[in-house]
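Required output: the full structure, derived from the provided sequences and hints.
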Amino acid sequence: MNNVLIYTENFDGKFKKSIYEIASYGSEIARQLGGEPIAISLGEVAEEELKSLGNYGISKVLTAAGETFKTLQNRAYTAAIAQAAQQENAGVIIFSASNTAKAIAPRVSVKLKAGMVFAATGLPSNLNPFTVPKKVFHGKAFADVVVNSERKIISLSQNSFGVKEHPAEVTIEALQVEAAAPANTRVTDTQKASGKMLLNDAEIIVSGGRGMKSADNWQPIEELAAILGAATACSRPVSDEGWRPHAEHVGQTGKIVAPNLYFALGISGAIQHLAGVSSSKVIVAINTDKDAPIFQAADYGIVGDVQKVLPQLNEAFRKFKAEN
Amino acid sequence: MKILVCISNVPDTTTRIKLSGDQNAIDLSSVQWIINPWDELALTRALELKEASGGSISSVSIIHVGNAGSDATLRKALAIGADDAIRVDAAPTDAYAVAHEIAEAIKDKNYDMILCGIESSDYNGSAMGGMLAEFLNMESVSSVSKLEIEGDELKLNREIAGGFEVVSATAPVVVIVQKGIALEPRIPSMRGIMMARKKPLEVVAATGAEALTEFVHYTPPQPKAACKMIDADNPAELVNLLHNEAKII
Ligand SMILES: Cc1cc2nc3c(=O)[nH]c(=O)nc-3n(C[C@H](O)[C@H](O)[C@H](O)COP(=O)(O)OP(=O)(O)OC[C@H]3O[C@@H](n4cnc5c(N)ncnc54)[C@H](O)[C@@H]3O)c2cc1C
Ligand SMILES: Nc1ncnc2c1ncn2[C@@H]1O[C@H](COP(=O)(O)O)[C@@H](O)[C@H]1O
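Those protein sequence lines, which keep their order, are chains G and W. Here the first sequence stands for residues 1 to 324, numbered as in this note's numbering. Here the second sequence stands for residues 325 to 573, numbered as in this note's numbering.
Keep in mind the hints are simulated off the structure, nothing from the lab. None of the values given here were measured: they were computed from a predicted structure. Take these hints with a grain of salt, some might be off.
As the list claims (entries may be wrong) - To give a feel for the contact side, a few chain G residues facing chain W, derived at Cβ under 8 Å:
1. Asn99
2. Lys102
3. Gln191
4. Thr253
5. Lys281
6. Gly301
7. Ile302
8. Phe320
Glycine is no exception: its CB is placed at the ideal position from the N, C-alpha and C atoms.
Structure, rendered in structure tokens:
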């Protein structure tokens, strides 16, 4: 069971960076185990796109499409992934730690009696016993988790390994799945914003807090996001006030994000806020209060009024972008 | 309809995390324990639905796998308004074992809807609800931010990348909830606290379910280098540092 199975979720038929990241990560674990990295793709994905997984070391892609895989049906997806793991002798199964992984990885764990580590932050530090690093208490400590079962499941935290090119010859094979049992859940409607950079995909996030004072003051934040190709976010009071949509709320009770660059503008840096953003590689804070706790977490800081500083900063970024 | 809410007992979210001397455990000696925030919201939503149901929801029960040290947390959930509680008497070693214990404890109880939180705020496992559903061979819907009941139909909003899906479900189903499910958790009233003392808290023996994972070692996060301060009149310097020093843009 030295093979590694990687569940490569598609978004409207396309793979995102987080999927190339787990392809890279799974390929590396397979190399360490002396096995083969095999991807499983469920739902309609063009051949060209499936083949792109080969750039990250994947040597075989199993696919199944059709009515069953049009929307996420937890039991059908679980059955297909478990079947693929058994058929391919995969001892390790990898997911990207997304909503989909939350929905199906625990089910696959029970079906295969495979111990699971959710939101792992890197490669196993040891293969025997199989030991995987992860954060606990929302980043207040790191832990080593030993998985004692024969099969193991890892959901990898986004942006914690990176995308590594490693071209391989890929073959594509159809997975013959058994017909799914009728489900007592069905999707009746889908509402999706299109075109906007999504928080979990963003490499740069520009986030505003109560220090922005009102919903009307968000224009310079939108502008900075546009200049940098970033997503916008906010602290909890901001979404509670209705200044920004709930989907933008980051922190312990909102989204947990890990971009390369996080701007905290008029955000005090409460512990529950930091719980959602402290994995960012670089944090920039602008705050009028030099003693605001956000400066303990930040890498770069400006003490000043965001209303005054931000327009100037935007100008400087615009100039930089024009020159680079 | 009978609802069950799974309750995880966790350190208060503002707790400072101290490690034991050998770093093989977290020092929990001076920790204040609370109902896991998501579970508190799940319970709140279950009670709202029960009150609005005109009697068609007959009970909201809670279940927890843990030692007697959790009883105060369970009493609080009863004071908020749960009707009765079950505690499976075992240390909650990992989500697989917890789910297995719960599945065994409730397999003959015919709950129509089981609510779980999206994660425990201590070990951030995001595992138990899905595992329980698989043990019970029940359908599950995860990342649910809205839950309504219309007759026999449950209407759920499930978060997906960039938006949400509306999912229609019928009982029995495991619903795993996140942000949005209820606005604020309910606070126990004086009357609630009095009544909670008399509500049933049944302790059942564990079946000795096996765990598949174990936490063996902890390390504190790397201390951060001091924040580099930039003059408010010179934002171009920030751009320069992000480009040339941090090499991030
Ligand atoms: C159980 C629980 C869960 C929570 N979950 C979350 C969560 O997920 N996410 C979250 O964000 N919060 C969460 N909170 C709330 C958290 O404790 C803080 O209250 C919140 O993060 C504060 O938001 P803020 O920084 O925007 O506002 P404030 O704390 O009010 O800070 C505003 C900041 O703006 C600065 N400021 C004011 N004017 C200006 C100006 N003109 N220019 C620059 N700076 C200025 C001020 O100095 C201050 O530092 C949670 C709380 C609890 C109890
Ligand atoms: N010991 C436990 N007893 C009962 N329910 C639990 C327990 N641990 C976790 N849960 C439930 O499972 C959810 C997810 O927890 P976890 O998988 O630990 O992140 C929690 O929000 C609870 O609803």
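Okay, the hints, checked on the actual structure:
1. The beta carbon of G:Asn99 comes within 4 Å of a beta carbon in chain W, closer than 8 Å, and the hint placing it at the interface holds.
2. Evaluation of the G:Lys102 hint against chain W yields a held restraint, the C-beta minimum of about 5 Å falling below 8 Å.
3. Restraint check, G:Gln191 versus chain W: the minimum CB separation of about 5 Å is within 8 Å; hint holds.
4. Against a cut-off of 8 Å between C-beta atoms, the interface hint on G:Thr253 holds, since the closest Cβ of chain W lies about 6 Å away.
5. The beta carbon of G:Lys281 comes within 7 Å of a beta carbon in chain W, closer than 8 Å, and the hint placing it at the interface holds.
6. With 8 Å as the threshold, the beta carbon of G:Gly301 comes within range of chain W, its nearest partner Cβ sitting at about 5 Å, so the hint holds.
7. Interface hint status for G:Ile302: upheld, as the beta-carbon distance to the closest one in chain W is roughly 5 Å, under 8 Å.
8. Interface hint status for G:Phe320: upheld, as the beta-carbon distance to the closest one in chain W is roughly 5 Å, under 8 Å.
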